[in-house]
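> Each chain is listed here by its residues.
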Amino acid sequence: MIEFQCTVPAGQIPPAIRGTLVQAIEQACGEALGPDLQVKVDWIDIPKGFGFRGGEPSKTSLVRGKIPDGYDSEVRNRLLREVGDAWCRISGGKEDELIVSARDRSWTGAGVAL
Amino acid sequence: MPYYRCLIPKDSLDYDQRRRIATAFTDVHCGISAAPRNFVHVAFFEVDKFGAIADSHGSGMLEFGTPYFIAGGNRAGRSPAVRKEILNGLINCLSEIASVPKEDVSGHISELPASWTMEAGEVLPEPGEEPDC
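Taken in order, these protein sequences are the chains called B and G. The numbering of the first sequence is the numbering used here, which starts it at 1 and goes up by one. The numbering of the second sequence is the numbering used here, which starts it at 1 and goes up by one.
Be aware that a few hints might be false.
Derived SDA-like pairs: lysine to any residue, alpha-carbon spacing no greater than 20 Å straight-line [said to hold, decoys possible]:
| no. | chain 1 | residue 1 | chain 2 | residue 2 |
| --- | --- | --- | --- | --- |
| 1 | B | K48 | G | T23 |
| 2 | B | K66 | B | A24 |
| 3 | B | K48 | G | K84 |
| 4 | B | K40 | G | I53 |
| 5 | B | K66 | B | W107 |
| 6 | B | K94 | B | K40 |
| 7 | G | K84 | B | P14 |
| 8 | B | K40 | G | A54 |
The set of hints was computed from the structure by calculation and includes no laboratory data. Remember, it's a predicted structure, so these values are computed and weren't measured experimentally.
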């Protein structure tokens, strides 16, 4: 199972195009990672006035994926690029208002806490 | 791209406070890491009670037991000591601007390899290899 979580500023990605974006993510996964992989996409909306970039109001969407372990950098970069290109094409958004990531399922993140 | 999600009680912070906290977080992160300011993303989510949130840069859930919680994600490559220094700075800023005791704020910073993230059409550079801005 591949999981994507799309965190978007409220109003930036209308509900009407989210289905198309999900299909594009599914297609990008199929082409980059191989067929027959299930893809799940969730959405989180950041209310207006609650998202910032560099201290200023943000229009940036974050599309974060979790993929099976073992893909090399060329495959991962292809996935990031295809998801990013499709997102901008479908949403009309700018490239610099999008972050796409794809981490290995087993990656733990080596966190620090206080 | 450092990404800091602040879980806060409902109606606890107004827009001005949120913006000041986001700016302060940017100051702290960039002051310690030398990352460009427009790399720093801060989002606020209002919650009803203590609980857990999915780790944005690792796996599993992050449980928290304070009214305010900072769930952070950084590019991999900085030592745990540096990430703790950043986190301590963020906690201090939030506590001060929100006018709450430090004991009411906790946090966690995970890391992710830079090469696993694309921002503005480019795969992220390793920490310390950012172009001059």
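> Given the hinted pair B/K66 and B/A24, is their alpha-carbon gap at most 20 Å?
holds (16 Å)
> Would the pair B/K66 and B/W107 pass a check requiring their Cα atoms to be no farther apart than 20 Å?
holds (9 Å)
> Hint check: B/K48 vs G/T23, CA-CA at most 20 Å. Holds or violated?
Holds - the C-alpha atoms of G/T23 and B/K48 are around 17 Å apart, at most 20 Å.
> Under the criterion that the straight-line Cα-Cα distance not exceed 20 Å, is the pair B/K94, B/K40 satisfied?
Outside the cut-off at roughly 24 Å; violated.
> Given the hinted pair B/K48 and G/K84, is their Cα-Cα distance within 20 Å?
violated (30 Å)
> Is it true that the CA of B/K40 sits at most 20 Å from the CA of G/I53?
holds (18 Å)
> Below or equal to 20 Å on CA atoms is what counts here, so check G/K84 against B/P14.
The hint is violated at about 38 Å.
> If you draw a straight line from the CA of B/K40 to the CA of G/A54, is it 20 Å or shorter?
Roughly 15 Å separates the two Cα atoms, so the pair holds.
Violation of the numbered hints given earlier is confined to hints 3, 6, 7; the remaining hints are satisfied by the structure.
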